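Colleague: Please construct the entire structure, taking both the sequences and the accompanying hints into account.
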Amino acid sequence: MIETRQLSRRYGDLTAVDAITFKVEPGQVLGFLGPNGAGKSTTMKMIAGFLGPSAGSASVCGHDVVDDALAAKRVTGYLPEGAPSYGEMTTRAFLNFIAEARGIPGAQRSQRVEEVIERLHLHNVLEQSIETLSKGFKRRVGLAQAIVHDPAVLILDEPTDGLDPNQKFEVRNLINTMAKDKTIIVSTHILEEVQAVCTRAVIIARGKILADATPAELEARSRYHQAVSLTTSNIAGAKDVLSRVADVAAVEYDKVTQRLTAIPKRGRQIFGPISELLKSQGIPVSELQLESGRMDEVFRTITHGDLGEDMPEEARA
Amino acid sequence: MSSIVTVFKRELASYFATPVAYVFIVIFLLLAGAFTFYIGNFYERGQADLLPFFNFHPWLYLFLVPAVGMRLWSEERKSGTIELLLTLPITMWQAVVGKFLAAWAFIGIALALTFPIWITVNYLGSPDNGVIFASYLGSFLMAGAFLAIGSCISACTRNQVVAFILTVVVCFLFLLAGFPLVLNFFTAWAPQGMVDAISGLSFLTHFAAIAKGVIDLRDLVYFALTIAFWLYASAVVIDLKKAD
Numbered sequence: 000m001i002e003t004r005q006l007s008r009r010y011g012d013l014t015a016v017d018a019i020t021f022k023v024e025p026g027q028v029l030g031f032l033g034p035n036g037a038g039k040s041t042t043m044k045m046i047a048g049f050l051g052p053s054a055g056s057a058s059v060c061g062h063d064v065v066d067d068a069l070a071a072k073r074v075t076g077y078l079p080e081g082a083p084s085y086g087e088m089t090t091r092a093f094l095n096f097i098a099e100a101r102g103i104p105g106a107q108r109s110q111r112v113e114e115v116i117e118r119l120h121l122h123n124v125l126e127q128s129i130e131t132l133s134k135g136f137k138r139r140v141g142l143a144q145a146i147v148h149d150p151a152v153l154i155l156d157e158p159t160d161g162l163d164p165n166q167k168f169e170v171r172n173l174i175n176t177m178a179k180d181k182t183i184i185v186s187t188h189i190l191e192e193v194q195a196v197c198t199r200a201v202i203i204a205r206g207k208i209l210a211d212a213t214p215a216e217l218e219a220r221s222r223y224h225q226a227v228s229l230t231t232s233n234i235a236g237a238k239d240v241l242s243r244v245a246d247v248a249a250v251e252y253d254k255v256t257q258r259l260t261a262i263p264k265r266g267r268q269i270f271g272p273i274s275e276l277l278k279s280q281g282i283p284v285s286e287l288q289l290e291s292g293r294m295d296e297v298f299r300t301i302t303h304g305d306l307g308e309d310m311p312e313e314a315r316a
Numbered sequence: 000m001s002s003i004v005t006v007f008k009r010e011l012a013s014y015f016a017t018p019v020a021y022v023f024i025v026i027f028l029l030l031a032g033a034f035t036f037y038i039g040n041f042y043e044r045g046q047a048d049l050l051p052f053f054n055f056h057p058w059l060y061l062f063l064v065p066a067v068g069m070r071l072w073s074e075e076r077k078s079g080t081i082e083l084l085l086t087l088p089i090t091m092w093q094a095v096v097g098k099f100l101a102a103w104a105f106i107g108i109a110l111a112l113t114f115p116i117w118i119t120v121n122y123l124g125s126p127d128n129g130v131i132f133a134s135y136l137g138s139f140l141m142a143g144a145f146l147a148i149g150s151c152i153s154a155c156t157r158n159q160v161v162a163f164i165l166t167v168v169v170c171f172l173f174l175l176a177g178f179p180l181v182l183n184f185f186t187a188w189a190p191q192g193m194v195d196a197i198s199g200l201s202f203l204t205h206f207a208a209i210a211k212g213v214i215d216l217r218d219l220v221y222f223a224l225t226i227a228f229w230l231y232a233s234a235v236v237i238d239l240k241k242a243d
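Chains as they are written, first to last, in numbering that gives the first Met the number 0: chain S, 0 to 316; chain Z, 0 to 243.
If you are wondering where the hints come from, they were derived from the structure by calculation, not from laboratory data.
This structure is a prediction, so every number in the text was calculated from the model and none was measured.
Ideal placement from N, C-alpha and C gives every residue a C-beta, glycine not left out.
Watch out, some of these pointers could steer you wrong.
[To be verified] Rough simulated footprint, nothing fancy, chain Z against chain S, three-plus residues with beta-carbon under 8 Å: (1) 39 to 49; (2) 79 to 90; (3) 99 to 111.
[Said to hold, decoys possible] Listed next, the in silico DSBU-like pairs over lysine-lysine satisfying Cα-Cα at most 35 Å (straight line): (4) S/K167 - Z/K211; (5) S/K134 - Z/K240; (6) Z/K241 - S/K254; (7) Z/K241 - S/K167; (8) Z/K241 - S/K181.
Modeller: See below:
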């Protein structure tokens, strides 16, 4: 379990994290979303015990990260941003070092290391020094060191950054399989990832929590929630049909994808009426889709006006 | 304690995983030899002792030890591994001491590899091996003091070159604290007590005392305190600078 109470961190005059309070229970995967410089990494660094809070507190499995730091660190696995590791070490030596430093007794150590090697498919790079590995492998080594002691709490700062789609898929699977009995926080700015792995999403900007909901709830906030998209050869005819449906608030046409999208009035269902009307008017439709909502649009709306890109970068440590 | 050992082992192994260790050891041995034989006139003196060898250690360390110390923390900060290291269940002082001891042991290995000169002098004559042992001890302690300064300065910056240069300067001041070059800065305005205190900080004075073969507890305590102080300062600096 992870709990923060009014957790804050200032760098000089800049308040990077501003009185954040939340709680994550075992079995939950919390997605931390936000523009660059929003305070995601700083929050994670504080929970992992690297940075001390300027105010407020955080605890991991009941251990305060400041007063009971060692106990908190023991139950936490942490993948720092960029997955840093000792480049001159071989993968095997590095994982052994982490396992030893994590206090795993000698007999179990090699077994645990073998297990994470298996889980992250590191067999082929065991004797290679980490600095010679590809970005994808480095990230996997970083993940391996975070889970080698089978921690109750996992804090992963952009775990899929720089991975190819297959590797992303694998890492998400890994997170999903571990999610059952662990408490996990994942930061990301890849919105599809939230749907893929998170049971809950927290949107944070300028150090404050702006939204805390399930991914489905966030999508429901989108104006595209329950919208209907279609592809047709008769665009003018279809546009006409869509605008005649009573509950349609607006019709949009995307020139790039050549799709028409009908946006419903709040809380109304338009899929049934539209599909019937299209059929009765004999408009050829090659694709008809009910949208659940667009995460990127919700994200933009919630963080709107945020100067994310222009803000000073999050603390580089 | 076991955490210190874990950090120590990793750190020491990392020296030998890169060319750093070999370059350092070879250069150290070459320079130590060159100074002893060419500048120290080891043969021409016709005396069975290692004074010309140990006399140059402070100056050798002045450039070589900062080269070892500069990477201690600035590299961790630059590569971000400091975040990894300090979120392991180890305390700050275990990390600081473990890394320091590894670097010190590494210098100790280089120093131990100068043993042929000890064999040489024993072959050529019958030196006082007690004095030689004391000199080795003094030399090793002095290296530790240099290194502790390097550890602290390395913690201040993520740039290794800056760390190196600053460490050389600070070590130089400590080396010559008892000499007019440094003392003249203070005699004009500082009270005599302070000037005496500063001159008492000279590495050279304390090293020379031990190298004479007199292992005085005060000299040992001096080096131990110097090391402890700079390591404590390292921990404070790391904690303060973590956020940048």
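Colleague: Look at each hint and say if it fits the structure.
Modeller: Do the hints match the structure? See the list:
1. Coverage of the segment 39 to 49 of chain S by chain Z holds. Counting CB-CB distances below 8 Å, 4 residues qualify, and the rule asks for three or more.
2. Coverage of the segment 79 to 90 of chain S by chain Z holds [criterion: at least 3 residues with CB-CB distance below 8 Å; count 9].
3. Figure legend: the segment 99 to 111 of chain S, annotated as covered by chain Z; annotation consistent (4 residues with Cβ-Cβ distances under 8 Å, at least 3 required).
4. Restraint check: the Cα-Cα separation between S/K167 and Z/K211 comes to about 66 Å, which exceeds 35 Å; the hinted pair is violated.
5. At most 35 Å may separate the alpha-carbon atoms for a hinted pair to count; S/K134 and Z/K240 meet this at roughly 28 Å.
6. With a CA separation close to 49 Å, the supplied pair Z/K241 and S/K254 exceeds the 35 Å bound.
7. A threshold of 35 Å between alpha carbons decides the hint, and for Z/K241 with S/K167 the separation of about 30 Å falls inside it, so the pair holds.
8. Using a Cα cut-off of 35 Å, the hinted pair Z/K241 and S/K181 holds, with the two alpha carbons roughly 28 Å apart.
This entry does not satisfy hints 4 and 6, going by the numbered hints stated previously.
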